[in-house]
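Chemist: Sequence:
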Amino acid sequence: MKKNVLKIGVILAFLFAGFTACNDEMGDSLELSTYSLEADFTALDVPTPSVDPILSEDGKGGNTSCAMAAELVGVESFEYSSGKIDYENGAFADDFPGELNVRTDGTYVSWTFTPTAGYCLVDMVVIVKGGNASNVYYYDDGTASDAGLSSPDNASGKPAGLSNLTFCWNLVKCGVCGEFKGETAWAANGQTAGLLRYNTRGNWATYVAYNNVAKTTTQFAGQNIPVGTVQFSAVATGKVTITINLTGDWIFAEVEKGVAVEENVKIQDYSKAPSGNPSPGLFAWKGTASGNTFTIEVPANKFYGVHVDVGNWMEVDCE
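With positions in the sequence shown counted from 1, the corresponding number in our numbering is that position plus 5.
None of these hints come from the bench; they were simulated from the model. Predicted model only: the values in this text are computed from it and were never measured. Ideal Cβ positions, reconstructed from N, Cα and C, are used throughout, including at glycine. Do not rely on the hints blindly, as some may be mistaken.
Said to hold, decoys possible - DEER-style ranges, computed between Cβ atoms:
#, residue 1, residue 2, range
1, THR117, SER284, 54 to 60 Å
2, THR298, LYS277, 52 to 58 Å
3, ASP146, THR234, 17 to 23 Å
4, THR298, GLU76, 57 to 63 Å
5, PRO52, GLY253, 50 to 56 Å
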């Protein structure tokens with residue numbers, strides 16, 4: 006009986022000592038591996054990065070530059086970079102740019118990027134080097150933080166210890182941007198939309214009857230939206246001067262602010278009333294107009310089709 010009691014005591018003592026040792030080791034691991042900016046985590050519970058890494062074995066000693074990373078992920082270039090920052094003796098050899106907050110336990114990395122006021126992050130690459138290769142993490146949706154990044158696995162099947170980090174990114178000025186909302190406009194025969202249509206069904210395009218005297222008509226967009234006037238001069242030496250004046254916020258179509266769409270004004274003269282569906286691309290007289298006023302001289306004739314691409318800039322949130 007005494008022998009059994011002794012054996013049980015020895016076993017309990019051994020188990021208690023082993024549990025204490027494991028607890029001590031786990032406590033050390035918890036303390037050493039804590040580095041997350043958002044929430045502490047341990048090597049036993051490492052967050053999964055929000056993107057999968059791309060293995061890069063190019064470069065001297067496995068180091069990958071921003072230019073190499075750009076080619077790897079398929080972008081033209083990265084405008085900004087932290088440069089390669091070594092990790093030695095448990096610390097980074099240099100400071101990261103002020104926008105970056107970086108933590109590591111020597112294996113896993115977390116980062117947060119805070120752009121300068123007025124700027125938005127477009128894309129980011131984080132190059133995590135360890136051993137003879139790098140993992141390239143690419144964020145193309147404006148992601149500004151992540152955790153659990155590591156170097157490629159080494160022969161042990163686990164991530165190699167961190168050697169250096171490189172951050173590469175692009176910024177854009179953010180805030181309110183413009184989007185051009187375009188419309189097709191036709192000169193009507195008077196002040197009411199729908200007069201003298203090329204086709205009485207379907208196509209609503211209109212034309213103007215000209216009687217060799219000066220007249221002013223209305224330019225309508227979207228069939229019934231007045232966007233300005235079209236003035237026809239009296240005949241002079243067989244020519245008629247047509248002046249288009251857009252009103253309000255309406256301007257001639259632009260591809261970007263200050264850059265007009267080519268041939269956004271198209272005019273055709275007719276000796277008799279036109280019919281059918283018009284083809285503005287085939288009109289004889291064309292011009293590229295900017296702003297809200299345009300003048301062109303065309304041959305005198307009995308009827309005119311005046312087709313104009315117009316629109317206005319709308320404020321939208323920058324992406």
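Chemist: Is the hinted range of 54 to 60 Å satisfied by the C-beta distance from THR117 to SER284?
Modeler: holds (57 Å)
Chemist: When you take the CB atoms of THR298 and LYS277, is the distance between them in 52 to 58 Å?
Modeler: violated (31 Å)
Chemist: Between PRO52 and GLY253, is the Cβ distance one that fits in 50 to 56 Å?
Modeler: holds (54 Å)
Chemist: Range hint 17 to 23 Å: satisfied by the CB atoms of ASP146 and THR234?
Modeler: violated (47 Å)
Chemist: Given the hint of 57 to 63 Å, check if THR298 and GLU76 actually sit that far apart at their C-beta atoms.
Modeler: violated (48 Å)
In the structure shown, a violation is registered for the earlier hints numbered 2, 3, 4, in ascending order.
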